[in-house]
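Colleague: Below, each chain spelled out in residue letters.
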Amino acid sequence: MKKNQITRILAMLLTLVMVLSLAACGAQPAVKPAAEPAAEPAAKPAAEPAEEGGYADTIEFSMANYYTAYNFSSGYDYENDPMWKFICEKFNIAPELVSGEGWRDAINVWATAGTLPNIVWDDADPSWLRSFAEQGLFKPLPDDWKERWPDLAYMVSVSGMEEAYTIDGKLYAVPHAQTGRLAPAQVVRQSALLFRKDLAEAVGMPDFGKDGQCTLSELREYCEKVGEAGLTDKLLASDSFWIQRVFGQAFSVPGVDWAPHFVEIDGEFAYIPAMQGEKDMIVTLQEWYKAGIIDEEVYTGAIDYNGEFCAGNTAAYPYAFSVSDLKSVVSNITGFDPADLRVCVVTADDGSVGGHGVSNYWTAFMFAPETDEATFTRILDIINYFCTPEGIIANKAGVPGVTFEMQEDGTPKFLKEIDTAVVSKSPFYCTGYTDDFSTSGFDPNGDPALIAMYQACANLLAANVIPASYKYSVLSTEAAQNYSVDAYSKITEVMCSDVDALATWEQFLADNETLWQPVLDDLNA
Amino acid sequence: MSNTKRIRKKRAKWDAMDVISFVLLTLLFLAIILPFWSAIVVSFETNRAYVEHPVSFWPQEFTLDNYKIILSGGSGLIAAYKHTIYITVVGTVCSIAVCAAAAYTLSRHFPGKRVIFFLFVFTMYFGGGLVPYYLLIKKLGLLNKYACIILPSLVSVWNIIIMKSNYESIPYEMQEAAIIDGANDLQIFARVMLPLQKPMLATFSLFTAVGFWNSWYMPMLMLTKGDKTVLQLYLKSIMGEADMAAKGLTSMVQDHVFSQGVKMACVLVIILPIMLVYPFLQKHFAKGMLVGAVKM
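First to last, the protein sequences are chains H and A.
The opening position of the first sequence corresponds to residue 557 in the numbering used here, with each subsequent residue numbered one higher.
The opening position of the second sequence corresponds to residue 532 in the numbering used here, with each subsequent residue numbered one higher.
Since the hints were derived computationally from the structure, they do not count as laboratory data.
A hint or two may mislead.
Said to hold, decoys possible - Okay, derived cross-link-like pairs now, DSS-like style, lysine-lysine, Cα gap no bigger than 30 angstroms in a straight line: (1) A/K613 - H/K641; (2) A/K756 - H/K646; (3) H/K781 - H/K846; (4) A/K756 - A/K599; (5) H/K641 - A/K599.
Stated by the list, open to error - Away from chain A, derived, C-beta distances all over 12 angstroms, residues of chain H: (6) F642; (7) S683; (8) E780; (9) G786; (10) I1007.
Quick reminder that beta carbons are idealized off the backbone N, C-alpha and C, glycines included.
Bound-form chain H, shown alone (with noise of 0.2 angstroms):
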């Protein structure tokens, strides 16, 4: 055979194998069946104390925390870590702490090689999560995971996701709800308005964000007249992100930072980029932009906001945050009075607000699939010690018995002042709810002032804005699973330019129209 043949069918060779393999890639597992309608939160259940001893085998298994990755790459200690000694005292076990760096991406490689540790820490996305799930790459909790683990079945109630990670029936991941237990949970997760006190007195706006609320009037006077009078550099000033967080909730329209961008209004199925809220918002986000009054550098989003607003540079700051965010923040200002920082929500004119929002959780814990059935129980049993009353506030404040006790009504009393930053680089830090202790009231360190305001903007969500709902029927369908429009970063480029914003918008909808109609068309058959 003449060498070019030779090289000729070498080459088609090639190319077969390639085809072949990216068609073997290709093939979709089948649709499954739309799971149940999520049941009804659970009863709280009664504090009773935790059970003593019932642990004679040492189990070992291995967790990624991302929240102290910093602290396990500096060569923090842990195993001489108090929580940590307590934990694997108490429950027997001998865990392996895993560098939790690079997060997703990590944990993208770790499942699909099978080398996923026990526990690992995601923000965890419905999407995303389904998608790994279906591959069999997470491993559910038991079928009856709610009446063995009740403190655990609680906490997942109320973070609102329960029906968001229930594939096929079975729960994939275990949310870490804000609040709920010791402190009344809320609906959203917070994003409120942070201003100053101070300087709406010297424009002549003592009222201003009285009770926790504003409007976007009040709000667009109180920039400009501190504009006017050259108090600060910036007027309103944060990321995009929570710009449009905040002003939706103003426009009683989601979010659409995070996919999919349909909500559920009264049984009917919407697109968010396509409500009337979202084009009124992004038309009036434009016309701030250009007044002067939204920071310039929005756009870029290269600035520090947070460390704007702390050194006094910002009027107003657009934030999402919970109690230990304000307390954080409080303890960072540096160019005016912590006294002064106020909170508030910004509402319509006519004062409503709505919308829909991000629930009442940050992150979640999945498992490996290889992870055995008692070992898998211990794990659950740790969650679910966190999640009581007792395990909620040693999470925060350290070990029971040296930091506090409980008391016969459930509250705690504290035998010594609380070591913010060892109990911080624990492993097992957050694990359970992240902010229920300090917005709890019970933190002897917390500040009254700021839980108030905190849940004076909280109050007025829960009462209007509705959690974002992610009902399985939407993300299993292909027309949702090949959705992909970045409506969030369209609205900030609309937001930061001279166009047509309304146009702009309409056209930007008109091209993407094959991608998001059909979700909706399926939603709604």
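Based on these hints, arrange chain A on the given structure of chain H.
Modeller: Chain A alone, transformed into the frame defined by chain H:
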């Protein structure tokens, strides 16, 4: 006036092109050096000073807090340095040795040379992807070992190709002379060929060393036990922590972390060793940069 003086006098005059070149090169110099200088300034600045004067030639409010945060890792930082230096030194030496030897072999004539060379080059066109790569490392039992970072990077086909062409440019007569003197292939390689390739070896050593020094993605995936954390990963985790602390999200909050300052301090801590080593290689580097320009 002597010729020399006349020439010197002529050279001392600046014409318009000289002025334009000087201005452009000065601007280029400033464009390169100013961001670096800014990083140094910000790393020694407080948050308030940075916010009020994001760009300044001198720290408005001097502080060492940013470096204290990084260096407070203590044993963690030292360990990360040790691991990284080990990987860099061992990896660079082994890689250069392997590539130089392979390139010399491929520059000789032997049966099947074209096929073998094609197989080398073929690996540049396709890759199995990240997950197959990870699975291979896992199956070889290399996870959480230095070898998982060093071994896969030992052979750089690009370096081999450049080195090979360089070897081929050396007159065969030099090797003939060595053969006549009784040298075998190994002796010819070590005593004749390698000494003639010093600039090239220095250049590739620097590139390879920088590659090992900067690696963090593979260590992140494969060195998951804390006892082998590399410097880039250690500092990346500090920067990530500083970012989250700026948003009030993590345990660093009580340290009043200034994320931008910490980031800049991280940058300097990372590049300092390379900057200390580079002057010693600079004379070879300049020559070595032209290595790739020789005909293949």
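Colleague: Tell me the numbers of any earlier hints that the structure contravenes, in ascending order.
Modeller: When the structure is compared with the hints, none of them turns out to be violated.
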